[in-house]
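Start from the sequences and build out the full structure, keeping to the hints where you can.
So the sequence lines, in the order shown, correspond to chains A and B. Heads up, the first sequence stops at 440 in the working numbering, and the numbers go up one at a time, no gaps. Heads up, the second sequence stops at 440 in the working numbering, and the numbers go up one at a time, no gaps.
Hints were generated in silico from the structure; no laboratory data involved. A few of these clues could be false.
Where chains are identical, the list cannot tell them apart; a pair therefore holds if satisfied intra-copy or between any two copies.
[Said to hold, decoys possible] In silico lysine to any residue, SDA-like type, Cα no more than 25 Å apart, as pairs:
1) LYS354 with GLY341
2) LYS124 with ARG306
3) LYS124 with ALA358
4) LYS116 with MET94
5) LYS116 with ARG93
6) LYS124 with GLY84
7) LYS116 with GLU386
Number of protein chains: 2
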Amino acid sequence: MPDNITDLEVRALVDGVNLSDGHPRMSLSPSQTEIVAGFAEIFAQTRKLPVDVVEKSSRSAFLSSIGQHGALADDVDFRSCYSSSTAIDMIGKAIRLADRPVVMVEPTFDNLHDLLAGHGLDIRSVAEAELATGPLEHLPPAHGVLFTVSPNNPTGTVLDEDRLHRIAAACADRDTVLVIDSCFRAQDLRAQYDMYAVLARYDLDWVIIEDTGKLWPLQELKAGFLNWNVGNPLPLARMYSDHMLSASPFILRVIELFADDGVHGGYDLLRNGLQSNRRLARNNIKLTPAYPDSRISVDTFRLPEGVTAGALYAELGEVGVHVLPGELFYWAQPHLGTDLIRISLARDPDSVVTGCQRVDQHLEAWRRVVIR
Amino acid sequence: MPDNITDLEVRALVDGVNLSDGHPRMSLSPSQTEIVAGFAEIFAQTRKLPVDVVEKSSRSAFLSSIGQHGALADDVDFRSCYSSSTAIDMIGKAIRLADRPVVMVEPTFDNLHDLLAGHGLDIRSVAEAELATGPLEHLPPAHGVLFTVSPNNPTGTVLDEDRLHRIAAACADRDTVLVIDSCFRAQDLRAQYDMYAVLARYDLDWVIIEDTGKLWPLQELKAGFLNWNVGNPLPLARMYSDHMLSASPFILRVIELFADDGVHGGYDLLRNGLQSNRRLARNNIKLTPAYPDSRISVDTFRLPEGVTAGALYAELGEVGVHVLPGELFYWAQPHLGTDLIRISLARDPDSVVTGCQRVDQHLEAWRRVVIR
Numbered sequence: 069m070p071d072n073i074t075d076l077e078v079r080a081l082v083d084g085v086n087l088s089d090g091h092p093r094m095s096l097s098p099s100q101t102e103i104v105a106g107f108a109e110i111f112a113q114t115r116k117l118p119v120d121v122v123e124k125s126s127r128s129a130f131l132s133s134i135g136q137h138g139a140l141a142d143d144v145d146f147r148s149c150y151s152s153s154t155a156i157d158m159i160g161k162a163i164r165l166a167d168r169p170v171v172m173v174e175p176t177f178d179n180l181h182d183l184l185a186g187h188g189l190d191i192r193s194v195a196e197a198e199l200a201t202g203p204l205e206h207l208p209p210a211h212g213v214l215f216t217v218s219p220n221n222p223t224g225t226v227l228d229e230d231r232l233h234r235i236a237a238a239c240a241d242r243d244t245v246l247v248i249d250s251c252f253r254a255q256d257l258r259a260q261y262d263m264y265a266v267l268a269r270y271d272l273d274w275v276i277i278e279d280t281g282k283l284w285p286l287q288e289l290k291a292g293f294l295n296w297n298v299g300n301p302l303p304l305a306r307m308y309s310d311h312m313l314s315a316s317p318f319i320l321r322v323i324e325l326f327a328d329d330g331v332h333g334g335y336d337l338l339r340n341g342l343q344s345n346r347r348l349a350r351n352n353i354k355l356t357p358a359y360p361d362s363r364i365s366v367d368t369f370r371l372p373e374g375v376t377a378g379a380l381y382a383e384l385g386e387v388g389v390h391v392l393p394g395e396l397f398y399w400a401q402p403h404l405g406t407d408l409i410r411i412s413l414a415r416d417p418d419s420v421v422t423g424c425q426r427v428d429q430h431l432e433a434w435r436r437v438v439i440r
Numbered sequence: 069m070p071d072n073i074t075d076l077e078v079r080a081l082v083d084g085v086n087l088s089d090g091h092p093r094m095s096l097s098p099s100q101t102e103i104v105a106g107f108a109e110i111f112a113q114t115r116k117l118p119v120d121v122v123e124k125s126s127r128s129a130f131l132s133s134i135g136q137h138g139a140l141a142d143d144v145d146f147r148s149c150y151s152s153s154t155a156i157d158m159i160g161k162a163i164r165l166a167d168r169p170v171v172m173v174e175p176t177f178d179n180l181h182d183l184l185a186g187h188g189l190d191i192r193s194v195a196e197a198e199l200a201t202g203p204l205e206h207l208p209p210a211h212g213v214l215f216t217v218s219p220n221n222p223t224g225t226v227l228d229e230d231r232l233h234r235i236a237a238a239c240a241d242r243d244t245v246l247v248i249d250s251c252f253r254a255q256d257l258r259a260q261y262d263m264y265a266v267l268a269r270y271d272l273d274w275v276i277i278e279d280t281g282k283l284w285p286l287q288e289l290k291a292g293f294l295n296w297n298v299g300n301p302l303p304l305a306r307m308y309s310d311h312m313l314s315a316s317p318f319i320l321r322v323i324e325l326f327a328d329d330g331v332h333g334g335y336d337l338l339r340n341g342l343q344s345n346r347r348l349a350r351n352n353i354k355l356t357p358a359y360p361d362s363r364i365s366v367d368t369f370r371l372p373e374g375v376t377a378g379a380l381y382a383e384l385g386e387v388g389v390h391v392l393p394g395e396l397f398y399w400a401q402p403h404l405g406t407d408l409i410r411i412s413l414a415r416d417p418d419s420v421v422t423g424c425q426r427v428d429q430h431l432e433a434w435r436r437v438v439i440r
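The following block contains the structure:
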């Protein structure tokens, strides 16, 4: 017997407050709602057009809308993927075939590490702070791959233009492929200098992943754009053609319309909404923000001594509040994350407030027991 | 400067007749058009429901609609993937981690082989005929994986129920994981006996891929369903969670509605359309059908002596007709496919007729030159 609507509503309630995954779950804006209202017409329109034309147009609109004009140069190759994870998995598969060692930023979202590790790659960790300010001469693995994330998740740290120049030069010197996951770029204007124009100035092999999946509450109607320099030694085109023909033209066109809407106020609305939710979260959870300067759609708090993230996570789950424990982001040294919890801000404000209040209440009770 | 509509129309014409890929590109039926007209409402509806509920409901509707009731048993685990290729790539990644040798059917669509080979797997070929009628005692690789496809692409060959029993028993005997790609199942009633019920009778590890991507002209709005027995030694759940959270609930609900439509006449319409296109193709290309009994959405012709598929493919491409050369399907022994070309039938009849007439005209001219 299939569930009926009442069953479903009960289930939704039982499911509680989900501040766990970073997938956007806030309401659509009025102009976004208008685009969705036109889904049937969009479908009819893209049916009549060659896929590669729709694909190119969508990517141009999206990447231009976040400042990445250099990505449209002739010596940049690209493919549209089901998601950024699909793109990253293809990169991992290609790295294994090319037999290159990897150095990857820590902390970062564990899936990035796990996707690559599933291919049996040799992955060494580099601390985000070291990548941001440390000496670079020996950092990129010679004939290997340096994998970083900007803005990084969960820290929100942005690789600035000057530092990117230095990293690009260091990678070029050591024949290191520089991979940058920029899935959160649209959420932070500081990340919107033209990264492709910077990389083009070096004799460098690089891969950049752009993504719409963190931005708009489109129920996983999204695409990841995999971009690389022509001549890149990773067999990305082949990994792609083994896997797929193209992202959905329908989805690509929806992305184009959302990007256009973004340029006409949608991105400001998005960023303002995230900042407002961040204030709400910080007002309601009486803990120190771990990354005060972050602008991406998650926020991370430092737990008081004696409270471990894993245990708190499990207990919160039992009362229907879903967050993420910090251990997950420290993929090589999980103990560095035991005093951190991450919440998602890509929700409606009332979810953020309700969730954060429950976290704080629970933390109070828990503290009273633990800290005697 | 972005392309305008005229540019696009010109491009569409230049692109010629695409009978190459198996992606469905025919027109929607009237009732399917009605579902698409409701896209905005579908989006609003699935927004309010928990994803796992939408996912379960969609899978139940789809698998039931093609006779696979046994798939809904409690000891069957499943995940919804972006596509069947995403599912197969996860299987390949899991096989590498489990370090199992693979035996794979030949001929079959080369992407299946390439997706697995990209993971560096040890893959041996077994002829489709041998799998269908040969001795089975030593066929499944001990502690390995037997990968087959039913209905197979391009042959349309269906593994019948009696033979599946024998293969399942042989795999169980040798601790072989049996993987069956059933992406074309909905197109052939002979493949719609309850495969899961058969496999449940053996102490067997198995994986079955079901797919909506070959059925409906939904511009890549599709899902692949990855199904396996609880206790399967391949780490599929982990490969999945590294990669994705769920298919799009919007897409899943569209699939459910298309499956419901399928049961109420849509599948008959689909199958009749394919058979009618097959007759048109066979009437217009004066060549022998290589697989006369096939019911799937492609058809394959045997070329006359002296004409090689690769060369014909290239020449047809130049005059704007896109087909596939048979070499691609014989992934271990490409020479076995040099006298075969495959065309897609998942098109509107006029495309099939135009494309086939051009193939035949070209073949005539070509023959006159070659066969002097």
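>> For a quick check of understanding: which of the numbered hints are violated here, in increasing order?
In response: Number 3 - this is the single hint that the structure violates.
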